[in-house]
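Colleague: Listed in order, the protein sequences are those of chains A and H. Per UniProt numbering, the first sequence starts with residue 1, numbered consecutively. Per UniProt numbering, the second sequence starts with residue 1, numbered consecutively.
Be a bit skeptical, because a hint or two may be false.
Stated by the list, open to error - Derived Cβ-Cβ restraints for the label pairs, each shown as a range: (1) A275/H / G154/A: 49 to 57 Å; (2) R102/A / L243/H: 45 to 53 Å; (3) N266/H / R19/A: 51 to 59 Å; (4) A278/H / S325/A: 22 to 30 Å; (5) A131/H / A280/A: 34 to 42 Å; (6) G180/H / G154/A: 31 to 39 Å.
Stated by the list, open to error - Listed next, the stretches of chain H that the computed footprint assigns to chain A, with coverage defined by at least 3 CB atoms under 8 Å from CB atoms of chain A: (7) 18 to 32; (8) 42 to 55; (9) 107 to 119; (10) 291 to 297.
Derived from the structure by calculation, the hints contain no laboratory data. Don't be surprised by glycine CBs; every beta carbon is placed ideally from N, CA and C.
Given next are the chains, with one letter for each unit.
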Amino acid sequence: MSTATGRLPLVEALRFAFRAVAAARLRTAMMTLAMAIGVAAVVLLTALGEGARNYVLGEFASLGSNVLTVMPGRAETTGGIPLLLGITPRDLTLDDALALRRSSLVAAVAPIVIGGAPVAFGARSREVNVIGSTAELGPIRHLELERGRFLPAGDPFAASAVCVIGSRLRDELFGHTQALGEVLRIGDRRFRVIGVLAPKGQSMGLDMSDVIIIPVAAAQALFDTRSMFRVLVEVRGREALPAAKRRIEAIITARHEGENDVTLISLDAILATFDRIFTALTLTVAGIAGISLIVAGILIMNVMLVAVSQRTAEIGLLKALGAPSHLIARLFLVEAVLLSLFGCAVGIVVGYGGIFVLGQLFPRFPLSAPAWAAFAGIAVALLSGLIFGVLPARRAARLDPVQALAKH
Amino acid sequence: MQTADYIRLTLNAVFGQRMRSLLTALGIAVGIAAVVLLTSIGEGVHRFMIHEFTQFGTHLIAINPGRTTTHGVPGGVIANVRPMTLGDAEAIGRLPQVDAMVPVVQGNALAAADGRTRRTTVFGTGPALPAVWQARIASGRFLPHDDARSARAFAVLGARLRNELFGDANPLGQRIRVGGETFRIIGVLAPKGQILGIDLDDAIYIPAGRALALFNRDSLMEIDVTYRAGTSSGTLARRITALLKQRHGREDFTLTTQEDMLATLNNILGVVTLAVGALGGISLLVGAVGIFTIMTIAVNERTAEIGLLRAIGARRSQVLSLFLGEAVLLSTLGGLAGLAIGLGGAWLLHLLLPALPVHTPWAYLFGAELSAALIGLLAGGLPARHAARLDPLTALREE
Numbered sequence: 001m002s003t004a005t006g007r008l009p010l011v012e013a014l015r016f017a018f019r020a021v022a023a024a025r026l027r028t029a030m031m032t033l034a035m036a037i038g039v040a041a042v043v044l045l046t047a048l049g050e051g052a053r054n055y056v057l058g059e060f061a062s063l064g065s066n067v068l069t070v071m072p073g074r075a076e077t078t079g080g081i082p083l084l085l086g087i088t089p090r091d092l093t094l095d096d097a098l099a100l101r102r103s104s105l106v107a108a109v110a111p112i113v114i115g116g117a118p119v120a121f122g123a124r125s126r127e128v129n130v131i132g133s134t135a136e137l138g139p140i141r142h143l144e145l146e147r148g149r150f151l152p153a154g155d156p157f158a159a160s161a162v163c164v165i166g167s168r169l170r171d172e173l174f175g176h177t178q179a180l181g182e183v184l185r186i187g188d189r190r191f192r193v194i195g196v197l198a199p200k201g202q203s204m205g206l207d208m209s210d211v212i213i214i215p216v217a218a219a220q221a222l223f224d225t226r227s228m229f230r231v232l233v234e235v236r237g238r239e240a241l242p243a244a245k246r247r248i249e250a251i252i253t254a255r256h257e258g259e260n261d262v263t264l265i266s267l268d269a270i271l272a273t274f275d276r277i278f279t280a281l282t283l284t285v286a287g288i289a290g291i292s293l294i295v296a297g298i299l300i301m302n303v304m305l306v307a308v309s310q311r312t313a314e315i316g317l318l319k320a321l322g323a324p325s326h327l328i329a330r331l332f333l334v335e336a337v338l339l340s341l342f343g344c345a346v347g348i349v350v351g352y353g354g355i356f357v358l359g360q361l362f363p364r365f366p367l368s369a370p371a372w373a374a375f376a377g378i379a380v381a382l383l384s385g386l387i388f389g390v391l392p393a394r395r396a397a398r399l400d401p402v403q404a405l406a407k408h
Numbered sequence: 001m002q003t004a005d006y007i008r009l010t011l012n013a014v015f016g017q018r019m020r021s022l023l024t025a026l027g028i029a030v031g032i033a034a035v036v037l038l039t040s041i042g043e044g045v046h047r048f049m050i051h052e053f054t055q056f057g058t059h060l061i062a063i064n065p066g067r068t069t070t071h072g073v074p075g076g077v078i079a080n081v082r083p084m085t086l087g088d089a090e091a092i093g094r095l096p097q098v099d100a101m102v103p104v105v106q107g108n109a110l111a112a113a114d115g116r117t118r119r120t121t122v123f124g125t126g127p128a129l130p131a132v133w134q135a136r137i138a139s140g141r142f143l144p145h146d147d148a149r150s151a152r153a154f155a156v157l158g159a160r161l162r163n164e165l166f167g168d169a170n171p172l173g174q175r176i177r178v179g180g181e182t183f184r185i186i187g188v189l190a191p192k193g194q195i196l197g198i199d200l201d202d203a204i205y206i207p208a209g210r211a212l213a214l215f216n217r218d219s220l221m222e223i224d225v226t227y228r229a230g231t232s233s234g235t236l237a238r239r240i241t242a243l244l245k246q247r248h249g250r251e252d253f254t255l256t257t258q259e260d261m262l263a264t265l266n267n268i269l270g271v272v273t274l275a276v277g278a279l280g281g282i283s284l285l286v287g288a289v290g291i292f293t294i295m296t297i298a299v300n301e302r303t304a305e306i307g308l309l310r311a312i313g314a315r316r317s318q319v320l321s322l323f324l325g326e327a328v329l330l331s332t333l334g335g336l337a338g339l340a341i342g343l344g345g346a347w348l349l350h351l352l353l354p355a356l357p358v359h360t361p362w363a364y365l366f367g368a369e370l371s372a373a374l375i376g377l378l379a380g381g382l383p384a385r386h387a388a389r390l391d392p393l394t395a396l397r398e399e
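Looking at chain A on its own, in the form it has when it is part of the complex (with noise of 0.2 Å):
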């Protein structure tokens, strides 16, 4: 303190500071670990929310992002996603999922057809559920085989007996013995076995590794309908979107005399809805970890207020020697800013610890911390420090030196 000008250089300030943090032990712990949990809390909190949203992403990502799914029927009702609109008197027939390719905006074109149906090999019995589709309906959904092949390319209305199988129904019905060539019975026909899936997660609510796929035709016949239940649209190009959508309901319409009777959703928009979703749950549950940082705030402020009182004779003291009001609050501010981000710097490495444990436990789940966590903790940390550091660092620069002398 050799310089009386007033002019303090802020290494001082921060040494003095350190002092000062570094006397009361016990104290300086205390604040950290307040600080520590609010800031541990928001980054684990937000990584946990950008891992669910990256994994439900991930998940309809796998769908491939420029494929509109058409579905039978129109809800009048906007907004929302109409999930199962039921029957409809007026089918979609398998003729209008293939019209649909005429458009030079199609890159290819998968019907869907989906029952329930019991599958047994010998005298072992599964109720699965059965999809019947065409060979394009492999590079849509990214479907990768582990061993044999997709359904074959080739007229879509020959109801070949030929199936594909999901990983899990094949360890169910045919344990470790070799599938593929195998013949096998849905309801009341038989199908040969040509492929099984590799293993892949649940996709879209639909367990894929416990379905069986046949060729459309033959889920037609073997259900007895005419209606496609979805049809899957690979369109060329994620632009030629909008473009393809009008194309499709002009094709339908042309079919359908006259009438627009089907409802087309494309990726992008359930992705956007769920990205939004996502993040406002992000953003609320931060929010409510970040209470806990305003709760160490208004601690940081009550023990710098102690601490101005307890060091009433120190900063009468440096009054005395010529230390202006201003020096005098900039060094309790500094002590208090120096606090929460030592609190703040313990619970970024206690967070990212505990999202590293968490990734080792749990790998299927994709955790992360977005960058703008840490940062937004700091800053907050930052924020409140100054805040909350105002009040006291200002009493401590009211202090009357004559008097705060004569206290000691």
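Take the given structure of chain A and dock chain H to it, following the hints.
Modeller: Here is chain H on its own, set in the frame of chain A:
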């Protein structure tokens, strides 16, 4: 030390350092307010969901075709090899424990009447629907007890569909075309609201047999059954399973009892409320750290005072309870303020967002206040013990 002295000492300690006590209590208050507000929202959503699901009554069993080992809608609802027929539904309806039964086919079709058209949900059902789904008839009557296979072409409108198609005109007796077939309107349902995204008011109800023909299918999508009070859902579920197995030769359907579903839902929502409350609890934890810190400081500051108390004969337990009392008083005061803030916040939230259900059970308030006191006791324990253990001689010398 008399009780009066004890109280005076504690009050002096708390109110002597007004700013400090205020801030310490404020820390706890923010935490308690967060917990109260968040659990209020959680509980409100919980009640709302349970209400949504029990609007069909609680003595309900739903039977869907198809079996599935994973969650979600079984594929069998859309199409299946062995249909669940109207015959199955009638057989179930004849079981002695069954009070009422409705078959359900749901679809989507264009309804045209009075020169207007609207795409709407079509429910193929039976005459017992008002009893099973707990719907009220606004005017006219519901579908009559016809033979299910040759039911007359009558239709009942949902409240919204009636408004959209007829406005203020009387729809009773009018003709309506649904997907190419003509029906005569014999009734209008009172508004019922949505269930799981399907608007029951924007719908038309026709006999199940006619709906099956309209949609060209054999299989119902669902059979809903209510049973008499006094029958256990488990017994009836077993009877239905046995009956359908006998008719189909195997178990190719899924039974969902309302009780099971509610229990599951209750569990999930309870966990969500708990998790949300725990999130708010993080702030409470920080508040506890605050009490601990301030009490430690207080003990340090008042070492001389403690020494004096001990010197004039105060026992260790008395010093302990003195500091514990101070910590608990701080936290309970903070807790009370937190309750006020939390309740006010919940009330304000309800005013600003009437759509968001908020509900604060009294038990939660007691629980929150109790936990605040407990936090004071726990966080104050260590500093109080430290104070009680002080050696009177050394403590006095500190002065």
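Colleague: Next step is simple, just say for each hint if it's right about the structure.
Modeller: Verification of the supplied hints:
| no. | hint | verdict |
| --- | --- | --- |
| 1 | A275/H / G154/A: 49 to 57 Å | holds, 53 Å |
| 2 | R102/A / L243/H: 45 to 53 Å | holds, 50 Å |
| 3 | N266/H / R19/A: 51 to 59 Å | holds, 57 Å |
| 4 | A278/H / S325/A: 22 to 30 Å | violated, 45 Å |
| 5 | A131/H / A280/A: 34 to 42 Å | holds, 41 Å |
| 6 | G180/H / G154/A: 31 to 39 Å | holds, 35 Å |
| 7 | 18 to 32 | holds (count 8) |
| 8 | 42 to 55 | violated (count 0) |
| 9 | 107 to 119 | holds (count 6) |
| 10 | 291 to 297 | holds (count 5) |
Violated hints, in rising order: 4, 8; the structure is consistent with all others.
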